[in-house]
Amino acid sequence: MIYLPPIRQSRPNQIARLLLACLSILSMTSPILFAQAAQPAQPGIFQQYILQQKTEKLFREDVVARSHDVIVRVKLVCQLDPAQLENLQLAAEGDVVRFYREFERVKSEVNGVTTNDPQAWQRAWPILSPLYQRVLRGVFDDSSLCHSVLKTTLNPGQLELFETAEAKRRDYAFKANYKTAIADLSREIPLTGDQREKLLVIMLSVARPKKSHPQLESMLGMIILGKAIKKIEDESSLDKKQLDHLVKLLERVQGVEGNFEW
Amino acid sequence: MQTHSPCWLRSTLLSGQLLLLSFCLYGSANGQDEFLQEVPEGQQVQKPNDPILYYLKRHLNVRRGLIKRTCELSEADIKNLDSIGEDWIKKELAKGAPKLDGMLNQGFKMVFGGPPGQNVANDPNKIRKMQSQLDNKITEVLSPEQRGQVLEAIENFEKFECEANAQVLVSQMDKLFVLTEEQRESLEPKIATWLKGKSLYMQYYTQQNYLPDFPASIVENVLTLEQRKRFKAIQKVSTDRLTIELQMFQHQPQLAEQDY
Chain H
1 MIYLPPIRQS RPNQIARLLL ACLSILSMTS PILFAQAAQP AQPGIFQQYI
51 LQQKTEKLFR EDVVARSHDV IVRVKLVCQL DPAQLENLQL AAEGDVVRFY
101 REFERVKSEV NGVTTNDPQA WQRAWPILSP LYQRVLRGVF DDSSLCHSVL
151 KTTLNPGQLE LFETAEAKRR DYAFKANYKT AIADLSREIP LTGDQREKLL
201 VIMLSVARPK KSHPQLESML GMIILGKAIK KIEDESSLDK KQLDHLVKLL
251 ERVQGVEGNF EW
Chain Z
263 MQTHSPCWLR STLLSGQLLL LSFCLYGSAN GQDEFLQEVP EGQQVQKPND
313 PILYYLKRHL NVRRGLIKRT CELSEADIKN LDSIGEDWIK KELAKGAPKL
363 DGMLNQGFKM VFGGPPGQNV ANDPNKIRKM QSQLDNKITE VLSPEQRGQV
413 LEAIENFEKF ECEANAQVLV SQMDKLFVLT EEQRESLEPK IATWLKGKSL
463 YMQYYTQQNY LPDFPASIVE NVLTLEQRKR FKAIQKVSTD RLTIELQMFQ
513 HQPQLAEQDY
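For the protein sequence lines, the chains are H and Z, in the order given.
Residue numbers for the first sequence follow the numbering used here, so the first one is 1 and each next one is one higher.
Residue numbers for the second sequence follow the numbering used here, so the first one is 263 and each next one is one higher.
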């Protein structure tokens, strides 16, 4: 049922309603507004989820740039000789070719499907979803050719420097995620500054997932809190009321943990 | 920058007009109105699971809990603090009950243009305004020293939240166009400052490759030319957290408030 705020009934109120009705009819029959409303409502799901409203040209530029991100990240910490650079560039180009093979296949299979047609959308989603996840993860993750070639192209010293920098990058992202989870929690449970800090330390001590899941990343903090609940009970100085509420909140993420690779 | 698609605007406009029309005609054609109820002067009937009431009660409980954990309180202080409850919220809500001219204004906006506006019953600004009134009310019962301690605790939380959200956004930018450690360190406080007083729906940025539409001046002197080019190509959308939460309110089970 539609809920509208209660107001007191009165004669001026009824007159106002009639006036509004006339204005509504007027606006709906207005040729300009009506012509606009009759246009197609939604872009195709490929445009919406994969291209994310970009043109194909812009999307390709982004993919090509991203294929070189690993090289950029290596160059930030160590020098590459021409042979190493060439190896990595070839691998990056290979990644782009492999990605576009998948891109074109999915595009041809879901072509023309929009969210306006729920049945077609439902059929297309399993085809689209893996590519969508990949786009959200950043197109080229640890399983990319460039990452594999990196391990055989860099010397041990370079590799160590690169891996240290990457670990720092990951630490930063996890800490940010956990802090946001604690901030969200503070809207439901009154936490003192000291309790927030203790929770963060506990969360950082818990084993992290090996692979991220972009769509569920916002739940990761709560999952980690669930994994650390025993430690939280012992070390965080949360009182019984706070702990009881936390346990109830953790029920919201029950079963989500299995979607991450640990 | 694109915040809403024109299709969305058009369909919202049309469905708004249809809703308004059905509301007007239904009410006029029938002497009795199912949607509108006769209410005594000064009283506001609350729908079960009313989102405004839910968010205000939650805010009150959490604030009260924070005060009890931050200050040394006497029994009289606690009694005073606990005296501010749902009744007070309902009384304050009744004062701000929607007026006829406000509804007319909404109608005119729908017909002649202007932003679509919020359903007056689910207005996030109204909730924020009342949350701030609640803060004033519950700190009134405290001594100046206690009030200072509580305000400091609230300020610390807001700072913590801004820093956390800024770090998430920097991390997202790092994923999108590779930042150096120095760039991360430089961007973080700038974004945290920009986030002050804002409450964004952070899932938008961790689930999608989007960024908020912060001013270019934040990134201009920090990013390289190539990074700025990629930054420009990213979808920018600043989505208010409370607005999204209100939209999802009816579709999500809400936890009963814990009385702190």
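Keep in mind that the hints were calculated from the coordinates and are not lab data.
Source: prediction; values computed, not measured.
In this text, a Cβ means the ideal position worked out from N, Cα and C, and glycines have one as well.
It is possible that some hints are incorrect.
[Claimed, not checked] A short list of chain Z residues far from chain H (calculated; beta carbon distances all over 12 angstroms):
#	residue
1	344
2	346
3	387
[Said to hold, decoys possible] Straight-line distance between alpha carbons at most 27 angstroms, and here's what the computed BS3-like set of lysine-lysine pairs gives:
#	chain 1	residue 1	chain 2	residue 2
4	H	175	Z	437
5	Z	341	Z	319
6	H	240	Z	330
7	Z	352	H	198
8	Z	498	H	248
9	Z	491	H	241
10	Z	388	H	175
11	Z	353	Z	319
12	Z	494	H	75
13	Z	421	Z	491
14	Z	399	Z	421
15	Z	437	H	151
16	H	57	Z	391
17	H	240	Z	319
18	H	241	Z	352
19	H	57	Z	341
20	H	57	Z	491
21	H	241	H	211
22	Z	460	H	175
23	H	227	H	211
24	H	168	H	227
25	Z	319	Z	391
Here is how each hint holds up against the structure:
no., hint, result
1, 344, "14 angstroms, holds"
2, 346, "15 angstroms, holds"
3, 387, "15 angstroms, holds"
4, H:175 to Z:437, "15 angstroms, holds"
5, Z:341 to Z:319, "17 angstroms, holds"
6, H:240 to Z:330, "14 angstroms, holds"
7, Z:352 to H:198, "37 angstroms, violated"
8, Z:498 to H:248, "35 angstroms, violated"
9, Z:491 to H:241, "50 angstroms, violated"
10, Z:388 to H:175, "33 angstroms, violated"
11, Z:353 to Z:319, "13 angstroms, holds"
12, Z:494 to H:75, "23 angstroms, holds"
13, Z:421 to Z:491, "31 angstroms, violated"
14, Z:399 to Z:421, "23 angstroms, holds"
15, Z:437 to H:151, "21 angstroms, holds"
16, H:57 to Z:391, "45 angstroms, violated"
17, H:240 to Z:319, "20 angstroms, holds"
18, H:241 to Z:352, "26 angstroms, holds"
19, H:57 to Z:341, "66 angstroms, violated"
20, H:57 to Z:491, "14 angstroms, holds"
21, H:241 to H:211, "34 angstroms, violated"
22, Z:460 to H:175, "21 angstroms, holds"
23, H:227 to H:211, "17 angstroms, holds"
24, H:168 to H:227, "23 angstroms, holds"
25, Z:319 to Z:391, "14 angstroms, holds"
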